[in-house]
Every structure is written in structure tokens, then in C-alpha cells.
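Between the sequences and the hints, there should be enough to build the whole structure, so can you do that?
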Amino acid sequence: MISMADNSIRIEVAGENALIIYFGEKTDPSVSARVQQAVTILETELNGKLIDMVPSYASLLVIYDQLATDHLEVRSTIRKVLNQLSDAVNTEGNLVILPAYYSRESGPDLDALAQRAGLSADEVIKLHSEMEYRVYAIGFAPGFAYLGEVDERIAAPRLSTPRMKVPRGAIAIADRQTAVYPAVSPGGWNLIGLCPTRMFDPEAEPTMPVQVGDRIKFNPISRDEFFALGGELGEIK
Amino acid sequence: MSGFRVIQPGLLTLIQDAGRFGHHRIGLTTGGPVDSLAFKWANRLVDNPLNSTTLEISFGGLVMQAETDAQIVLAGAEMPLKINGVEQDRWHAHKIKAGDKIEVSFSAQGARAYLAVSGGFQVEHSFSSSATVTREGIGGFTGDKLQQGDFLYCKPSGEHGGFRLPEEHRPDYFDDISLRVITGYQQQAFSDYQKRLFFSSEYKVTDRADRMGYRLEGPEVKPSIDGILSEGICHGAIQIPADGQPIVLLNDRQTIGGYPKIGSMIAMDTARMAQLLPGSRISFEEISIDDAHNLHCLAHVRFNNTEPEAID
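If you're matching them up, the sequences are chains A and B in order. Numbering-wise, the first sequence is residues 1 to 237 according to full-length UniProt numbering. Numbering-wise, the second sequence is residues 1 to 312 according to full-length UniProt numbering.
Since no wrong hints were added, every one of them can be taken at face value.
Mimicking DSS-like on lysine-lysine, the simulated pairs with C-alpha atoms at most 27 Å apart in a straight line are:
no., chain 1, residue 1, chain 2, residue 2
1, B, K101, B, K82
2, A, K26, B, K222
3, A, K237, B, K145
4, A, K165, B, K145
A few chain A positions that, by computed beta-carbon distances, are all more than 12 Å from chain B:
no., residue
5, I97
6, R215
7, L229
Keep in mind that the hints were calculated from the coordinates and are not lab data. Please read all numbers here as calculations on a predicted model, not as lab measurements. Beta carbons: idealized from backbone N, C-alpha and C, even for Gly.
Shown next, in the form of C-alpha cells:
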């Protein structure tokens, strides 16, 4: 059981119709699992009064309808829900396997990252694909999933000058986070490969292969397999 | 085919309904009208449900040809409305016939106007809304702003009675430049001195002001922290990046971010701010969340109790 007496949990005002719950101060699977549990329970408890929710690493933004409720009622519902949260371990999400074509051609920063780490490119690939990641948050752009955490040996700071154009599917590392770019966009993360799976497709059902709380593993594939799965190299600028 | 053909799209004309809700979890932002009061009035004056699809016209320059009989209304910024070359009253429903030419000229005051048609424009929804967010390429016509040659479908409804809003109820966009803010989020990371500086200073709207956010320029406000673990951003949130210049986040904001936030502007006031052009000057006033709730509820009651005049 998690008690509100636990000082690490705080509820703060965010805006006229939004409260934010802080479950902790750092990236941690058990904190993230609590965020997910709270999402599910609050959805029921605030049914008809909720406008939207934004779960992230260690926080949950709760946006409510001011004509249906007020901050005092929402705060008291949140308190009640926090007291209901069980131990986090049993709330593991689905395991989603994402194919990954790691190479110099698909990941222009692979060599530099390896060199920086004092590893070979193959070792970087091994370290990146052996780890199971958690989806901590989805945001910034539709389908952009923040995954963590990469082995600290392959953690790398953002590029000093972000690229103008990163292709859709780019597998990238920034600090101890990793992600797959859902669409062509500017970006400053280190590119190490490409994933042929669409991370956001407005026409598909579901529109995204992953959701917050899911676990992700990258499965290395060959160049031929990448193209067979519909992958495209895309332009990097 | 019944509807309107776009002869000239204007600088930035977007298809908007009330917005996209319940999809933040996959990273989709809200979209929707930046001045929700003018948007709601536009729909109400042609007797539409309040979330019907309209056009949000920024700055002006829209020309359309009617290919149906319908009622239209223009509410919001002072953009001269002409029907077949004759200037017509705004905040006032007008019957039009197939073949009529509708022109919305550049604004004399204010930045956004809403053009509604009886029955609403018929636009396919994506993620439960027609709201266009160009950054995401979602909503409207393939996620883009209106283009020359676009065709806006609507149902013929010329017989329908419309309304006009008496002058005294029409908002004045430049009366009050003090915008109300609830302190929150990382407000404890701003010292009393920094908060006082923020609430006692005047800020200028820069030319980097759009539907995603309004970047302001003025005295630097500095939090005691550089950044935070990325977290959800609500409408009106005021983030302070390293340069100390506030950014007020609006409808097309990214859903998650990592800059410290001093608090959030109330929606009634983001609507007024979104009517300001670059160079305008604003200041902030602190209010409590209880006062904000009261203002919101009172504004809702006032809107419902304000009876527009019926037109034959």
C-alpha cells in the first residue's frame, strides 16, 4: 500500500482545471507503474468529469471539466485513489518486440557513439538490443515514446547541433533514454538504426504499437529483413 | 455538391471544432479555437451545436464562393465582411445564396475571427475531432491549412433563422491587457523576488507567437532549477526556458515538456491574448484557483443568459 503520508507523493495545482500528481522525482519502473495504475482508476472515479490525462515519467496531469467538478473534489478523489494503489510490480505492461536494423547506413551516429564509449559498433548493438525498456511517456509528438533506460555505457548526450531532418523510424539515444521517431522531424538524438514498424499511424487500429507502461525489446534484423518488413531508409539532413 | 469553394485561403485559415480531447496519452494535442468565446458565439448565432466545425481565420484574407444557400456569420476580430462586395455586419447571421461571393478582409483589430455556417462545415473527424493541427498533420483537410480550390461541404439550410449579437455584448479585444495567472507547477522554484518581478513587469508579444505558444519578451525571470523531469503541459501553462523569457502555451502545444513553469493563464485570458498581434504589451495578475473557477462558471452563465436577437 502507498500512503499519502509518503512524502514523495505531492498534488499541485497546474492550471485552472488541472492538477498534477508527482509520484517521485526520478525515472523508476515502480513509480511509472503507479502512474499507470492511477490513470486506470482515475478514469473510472472521475468518469464524466475528466477532459484528459497526461501520464509521464513520475507525474500525472489530470485535466477536469470545471463545470462538472472543482479542484477540491478532484483533489479528494486523487487522495482516495492514491490510498488504493497496490504494490506496483504486478502492473507490468505488454512486451512489444520492435525489429531494428542497426548499421552505419541506417544509424549515422553508431560509430561515433561506439568510439565515445570505447566499444565496437557490434557491442553497442548488443547492449541496446539486450535490454528490455519501459515506455515511460508518450508525448512531444504523436507516437513519440520515451523509453528507458539504456545501459549507461551507451548513454550519450544530444548532438550539439540538432539535425534538420531525422527519418521516420530512426532509433535514437539521448542520455539514458531511447526512442523511435514516429515521423520525419528535426531531432538532436544520436541515431543508431531504423525500425520498420510504424510508431504512429492515424489510419491504423490501434494507432500505436505501444502504450505507456509497456515493455519494449529491440530485435536486430538484417538489411534484407528491414526492406521485407516495409522499411525505408529515408533522408537524413 | 453543396458548400463553399475557397477562392483565396487567406494567411492562415484553419478548420476548427471545439478541439481534440482524450488523446493526450498518444501525444496528440488539443487543437481547437484559440478564442473559444468568439468560436462559441459564431456557432450560436447560426443556431449550431457549440462544437460545430467552423473556420478560424487568422489575420484575414479569405475569399469564398457559395455553391449552396446557407446562413453564415463572422465573429471575433474586426475583419471586414463583404457579401457580393457589400460590407455587412459581423456578429450577425446573413442569408446567402448559391453564387454569392464572401470576402473576409484583413483585420483592423484583433487577430482571429470565426466563420460559421448553419449546420456546420462537414469535415471528416480524425481522433474524434475536425480540429486542424498543422504541426501534427492531423484534422481539417489532410492536416493542412486551407488552400485555394478546397471545397467546404455543408448542408443547404437557407430557410433557417439566425441571430445577431447586440453591440453591448460583443467583446472588445483591447480593453484589458492584464491577464490572470494561477501560480502552480514549479512556482516554488521561483523566489518571491522573481515572482514579484514577473507579476509587476510588462511583456511584449514577440513575432514568435502562434497557436502553439506565445513567446513574450521582457524582464528575465529566473527559476532556481534548470529543468525538470518531462511532465504534462496544460493549456495556458507559462514555461520559463533558460533565457528567462516566458512562453504561454496554447492549443497546439506539445503534450509533454521539461521546462520549469511558474503557473498557468486562465482560458478566458488566453483567448484575449490570442487576439493580440506581435508588439502588443501585456502584464500578469495573480489569482487563486477558486477565483478562476468562479470566473469560469460566471462566464459560462453569462454566455448562456445572453440572448442574441433573432433575425427574420
